[in-house]
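Can you build the whole structure from these sequences, using the hints too?
The numbering of the sequence shown is our numbering, which starts it at 1 and goes up by one.
In case anyone wonders, no lab produced these hints; they're calculated from the structure. Each hint should be verified, as a subset may be incorrect.
[Stated by the list, open to error] In silico EDC-like pairs for lysine to aspartate or glutamate, Cα to Cα no more than 16 Å straight-line: (1) K162 with D208; (2) K200 with D133; (3) K413 with D459; (4) K304 with E260; (5) K162 with D204.
[Stated by the list, open to error] Pairwise CB distance ranges, derived in the manner of DEER restraints: (6) A382 with L474: 27 to 35 Å; (7) T349 with G594: 52 to 60 Å; (8) P357 with D192: 26 to 34 Å.
Just so it is clear, CB atoms sit at the ideal spot from N, CA and C, and this is done for glycine as well.
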Amino acid sequence: MNRYAAALTLALAGQAGAPASAAPAPADTIYRNGYIYTVDAKDSVQQALAVRAGRIVYVGDNAGARPLAGKKTKVIDLHGRMLMPGLIDGHMHPQSGGSRLLNCSLDYEALTVAQFQSRIQACLDKDKKSGADRWLVVVNWFQQGMLPDGVETTAAMLDALKTERPIIVRSSFGHSALLNTKGVQLAGIKRDTPDPAGGKITRDAKGDATGLLEDAAQDMAMNLLPPLTVAENLAASKAALAAMRKQGITSFLDAYTDPETMTAFADLHKQGKLTARAHFAVLIDLDKGATPQSAVAELLKQQKQFDQGPTVVAPSMQVRHAKLFMDGVISAPAFTGAMLEPYLVNKGTADKPDWQPGASTGPASYFSPEALKTTLTELANARIDPHIHVDGDRAVRESLDAIEALRATPAGKAMRPALAHDEIVAPADYPRFAKLDVTPVLSLQWGKPAPDTVGALKDYMGPQRYAIVEPQALLLNAGARIAFGSDWPVDPLDEWFALKVGVTRTAAPNAGKEYGGTLGPQPGMPRAAVLRAITLNAAYTLRQEALTGSLEPGKLADMIVLDRNFFTIPAEDIANIKVLQTMVGGKIVYQAKGMR
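Here's what the structure looks like:
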């Protein structure tokens with residue numbers, strides 16, 4: 001008897017050891033007349049499902065669920081609607097996303113310089129209480145979407161605004177920030193200021209800072225910002241959870257956390273207001289003098305403080321992942337992704353371009369090969385799974401090389417490494433993901449024509465590399481276990497649009513004619529593979545696949561009801577799916593008006 005059959009026998013008997021002939025204990029909730037997509041080994045579709053004490057006790061047809069209905073059982077008629085496992089977002093930044101919902105936001109929109117300035121001026125005008133020394137923080141700037149294409153973004157754009165305040169505008173990608181001149185001065189950036197390790201101060205032809213900071217250079221300004229207060233952190237966490245449950249997210253990985261964030265989520269847990277299973281990855285950063293040993297020791301200290309132990313029915317917190325950055329982003333104007341071959345540069349003119357290999361393959365990887373191997377060994381010995389940011393193909397290869405060496409050790413065999421983003425991967429490395437049991441955690445919504453792909457990648461990659469950008473189906477077809485991570489707030493939190501792009505590789509209908517069609521020659525992923533990426537496969541990266549990610553007897557009752565069927569509607573309509581109900585551990589945490 002397998003463990004699911006055993007769990008069902010015990011659940012129907014009502015208690016461990018009861019005879020199989022005993023009357024089953026009533027369920028708390030029964031769903032019937034549904035299209036219940038289980039994501040089990042056969043991707044089976046069933047008709048009914050029953051929940052007792054926060055766990056699934058039955059999945060099958062209506063007749064089989066009938067004996068589980070008692071006087072107090074809530075019976076929900078799905079009327080043919082789709083019920084599926086709750087979404088598991090395997091890479092997001094909820095605290096940042098929640099706080100950005102409360103800040104001056106440019107809403108990821110493609111803006112002209114005039115529109116950019118007008119939106120920020122409106123924020124300045126609205127905030128009449130802040131003095132001249134208080135930074136204005138602007139978020140969700142779609143840097144690659146600035147109009148017209150290729151327009152230079154400098155401090156001068158912000159200096160034209162009516163204010164004496166320092167301003168920092170944060171790119172939605174999280175890898176760039178633009179300062180006004182006052183901000184540059186307060187950050188202590190001068191002509192002779194060196195680039196920090198892992199970062200770049202963009203300069204003009206005279207060597208003066210333009211105001212644009214890349215990757216680690218952002219810290220020169222970010223470290224000057226006052227930290228969020230306890231109340232602000234709590235408000236951000238509440239806003240993030242509200243957004244998540246409306247989307248149908250029942251578990252998530254915060255892919256770059258800090259003690260303040262975990263404190264806020266711990267406070268919500270104490271209040272009984274944690275509505276998703278919360279997993280946290282602590283940053284491992286060796287740039288500021290830490291060693292692999294001291295960095296992992298600090299992680300374990302935070303784990304001891306915040307990890308709440310084995311998973312239980314009610315949502316709780318676990319700290320069992322480490323975040324590492326191997327590079328930045330491959331798109332223009334950053335070019336901080338680590339590449340095997342050089343970025344191309346235009347050696348002709350704007351009218352007659354001549355794209356040829358330039359001098360740059362991006363920065364040196366943020367971990368040297370030896371430092372990466374040592375760090376991964378320390379993590380493996382501590383039973384912490386690494387979640388590694390890799391954008392360029394060189395960052396991918398170096399990470400796979402280090403993992404391959406680690407797999408030869410006993411601790412390394414047990415590790416579950418994930419490589420996040422993987423925007424470009426050398427074809428020779430596709431099969432290594434399956435061979436080494438490494439999960440690519442992909443933001444499926446990036447696989448579409450958009451300013452950050454067509455405008456910011458096409459010319460600089462060249463046709464051969466551009467054809468394999470966002471290699472979602474290519475990795476899948478090579479046997480990789482694809483998991484999904486939204487990377488919110490790099491993009492708006494819209495899981496269903498992301499899944500639509502995963503299937504179609506097309507942009508939104510209102511994106512503009514220049515972004516019509518699909519991104520390159522690659523196919524989209526099959527619908528079942530896309531749903532598995534955001535359910536069972538993401539659960540695997542969190543070591544939760546025995547408890548969540550599919551609808552099977554014995555598993556936790558984390559599930560969602562949809563307003564339309566993911567499998568039968570036109571592919572473009574997937575983006576319009578709305579969640580009618582979200583259940584976590586048998587408790588309804590979100591219900592739309594259309595659900596009865």
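The hints, checked one at a time:
no.: 1; hint: K162 with D208; in the structure: violated, 23 Å
no.: 2; hint: K200 with D133; in the structure: violated, 25 Å
no.: 3; hint: K413 with D459; in the structure: violated, 41 Å
no.: 4; hint: K304 with E260; in the structure: holds, 15 Å
no.: 5; hint: K162 with D204; in the structure: violated, 24 Å
no.: 6; hint: A382 with L474: 27 to 35 Å; in the structure: holds, 33 Å
no.: 7; hint: T349 with G594: 52 to 60 Å; in the structure: holds, 56 Å
no.: 8; hint: P357 with D192: 26 to 34 Å; in the structure: holds, 31 Å
Hints 1, 2, 3, 5 from the list above are not met by this structure, while the remaining hints are.
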